[in-house]
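J.: Once you've looked at the hints, dock chain G with the ligands against the given chain V.
Below, each chain spelled out in residue letters.
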Amino acid sequence: MTHTAGLSIETISMRFDLPNGTSVQALKDVTLNIKEGEIMSVLGPSGCGKTTLLNIIAGFLAPTEGQIVMNGHKVLGPDAERGMVFQQGALFEWMSVRDNVSFGPRMAGKRERDWAENVDHLLDVVGLRDFKEKSVYELSGGMQQRVALARCLANDPDVILMDEPLGALDALTREKMQSLVLKLWKETGKTIILITHSVEEALLLGERLLVMAPRPGRIHKEYRLPFADLGVDQDLREVKKHADFGVKREEILGMIWDMEEEIMGRAEAAS
Amino acid sequence: MIVFVIYAIIFVASFFIVKFAVQSATTDYTSLKTVTFGDESAVTPNRIASVISVLTIFLLWGAFTGSKLVPGFLHAPGPFIGDATFTYTAEAGGQQDDATVTVRVFPVGEEVAAPEVDPGDGWAKNDADTIGAWRSGLIRVDRNDELGRDEGHTVVAVNGTPISPGVSVETDFGRVGMSPKGTLNFTPAKGWQMEPIWLPPPESVVARMGEIANEGYRDSTLWEHLGYSLFRVIVGFFFGALVGIPLGYAMGLSNWFRGWFDPIVEFMRPVPPLALIPLVIIWAGIGEVGKIILLFLAALWIMAIAARAGVSGVAISKVHAAYSLGASKFQIMRHVIVPNSLPEIFTGARVAMGVCWGTVVAAELVAAEKGAGMMIMVASKFQLTDIVIMGIILIGIIGFGIDILMRMAEKALVPWKGKI
Ligand SMILES: Nc1ncnc2c1ncn2[C@@H]1O[C@H](COP(=O)(O)OP(=O)(O)O)[C@@H](O)[C@H]1O
Ligand SMILES: [Mg+2]
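Residue numbers (the working numbering), protein chains in the order written: chain V, 143 to 413; chain G, 8 to 427.
Quick caveat, the hints were computed from the structure, so don't treat them as lab data. All values reported here derive from a predicted model rather than from experimental measurement. Heads up, a few of these hints could be off.
What the hints assert, rightly or not - Just so you have them, the derived chain V footprint on chain G, three or more residues with Cβ under 8 Å:
| id | segment |
| --- | --- |
| 1 | 248-258 |
| 2 | 319-327 |
| 3 | 338-352 |
A virtual CB, placed ideally from N, CA and C, is assigned to each residue, including glycine.
Looking at chain V on its own, in the form it has when it is part of the complex (with noise of 0.2 Å):
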């Protein structure tokens, strides 16, 4: 097999051991091919595997079969190369904004010259330029996670790995958010994998959409969509008035309650 730039899922499963002798196969044999610039977004019934499978490709995890190959190297662990932004909480309280978004140079050893630039241009961008003094605990929690999006930005990572990170937000804040994304992935090219709860965010900001399905988690269906690319200059309400996206929506969404109500199910049987 040979390995381009790009990002390769090869047959990873995850098992966990619990404590109490039985196990949880978390991931059977996923394999996916992620392309340099691609957005995917990943959707599935909550416990199906969204973020044990982020984990292993942030390198935060050893998946017990398979490898993560990036750019012809195998992972092994956490790397600048894919940075990571989280639904909540993992900013450093114990900095300013502009602290928290310059902490991967000043951590590569960069000297203030060589980052000050890129740090203001992004803080620029996430419209945050007048706050870059504040502390992060006085910032709104969409305010925040524009601050953990610039902070991943000022590394520069090849691959952005995002865990729901805009599930805390209220609805017209998280609207905004997926602007903002888009646009950014436009103008960085960045690889972007992106966890969400939301079909309609999914649908937005995915031109891949992979419906995950759970015990074991697997990757049940991919879409290829148009409606990423339309939305980096359209108005995200327009889009989604798209006769094809109401059709997608609909057909996601029955696909999600089957599996869920066959969790209820088994759930059910079970006890």
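T.: For chain G with the ligands alone, coordinates are given in the frame of chain V:
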């Protein structure tokens, strides 16, 4: 008992008075709430109540000690002072006779002479004597009588009320009792005020403080006593933190350290530092080293546990974020784990300082040559209640001051505490 009743009355009365007086003047957010009972956020300390509370304590203190700082009409009835009189009826050789006893009751500390009295007629003569307020004394009424004990002199009544050994008679000026041998004793009415050796009035505590601040007590000035106590606390705490915090970090970061020190820390944590005092005295004596070792031990476990909790409390997402931003282990320690643990460490430091302050005072009570605890312990042996009370108040103020300083330091150094 009566004090608590008065206290309760002041509590209730001031509540209604202040409520009535203030109610009309305030319209804040809380007053707009229709439901306040059970709404925790609607409960804030009423500052007026706090002020009245403190004033009430001083008022009661003053009133029940006859303080000059409290207007006389507020004083609780004091002990009887002046000339008390009662009559006794004596029987000797089959004859009865009456005579009067005049007792001059004087404030303890003054020199007084017994009042001059006319012996009166009959074979039982009038007597005079002196007794200090709050004291009691035997009165040998038979001594000047013409018929003495040899003639079978016995007192049979006081103020016309029959009396016998073990029985006592209440008079307007106090209680007259009789000893098993038949001697009268007189206890002047004590009133409701406290005797200075039990509770001195506030002004004499203040005066004593001025005296000790200037002249010292037991070869050291007040500031030296307090300074020694504080010095021990600070040094003990400093070393406790110096060892405890790295130990806590190691326990939070390494399985081996956690396993090794868990039994020690978990065992030592519930041992009150006071229980270590005897052992520390055996090992290190009552000097500075012993005290500092004790306080070191008091602070050590608290700080170790706080640091361990601070490390364990770091959100894994913060550590993961730092790793994927390219930070090394050392950088994660320095920029994530240590700052993240500071709020816990400050909480621990506050607790540790409080415990150390309590422990040092207790240790000084047991044995010390200098220090706040030693000062009040020695004073108590000589019934110098004013020094004891002054010491307790100063110890309380310093403990409170330490806590305030720690809170201010916390606010300045970990402003994010409790914010996320
Ligand atoms: N550290 C772990 N130990 C044991 N089981 C785990 C662990 N992490 C995840 N799991 C299990 O793996 C499955 C997938 O979890 P997760 O990846 O968090 O799902 P999702 O993010 O899709 O909700 C779940 O059944 C969860 O209980
Ligand atoms: Mg998840």
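J.: Taking a Cβ-Cβ distance under 8 Å as contact, does the segment 248-258 of chain G have three or more residues in contact with chain V?
T.: As far as the segment 248-258 of chain G goes, the hint is violated, because 0 residues have Cβ atoms under 8 Å from chain V.
J.: Under 8 Å between beta-carbons, do enough residues of the segment 319-327 of chain G, three at least, approach chain V for the coverage claim to hold?
T.: It holds, with 4 qualifying residues against the three required.
J.: Taking 8 Å as the C-beta cutoff, is the stated coverage of the segment 338-352 of chain G by chain V satisfied by three or more residues?
T.: holds (count 6)
In this structure, only the earlier hint numbered 1 is contradicted, and the remaining ones agree with it.
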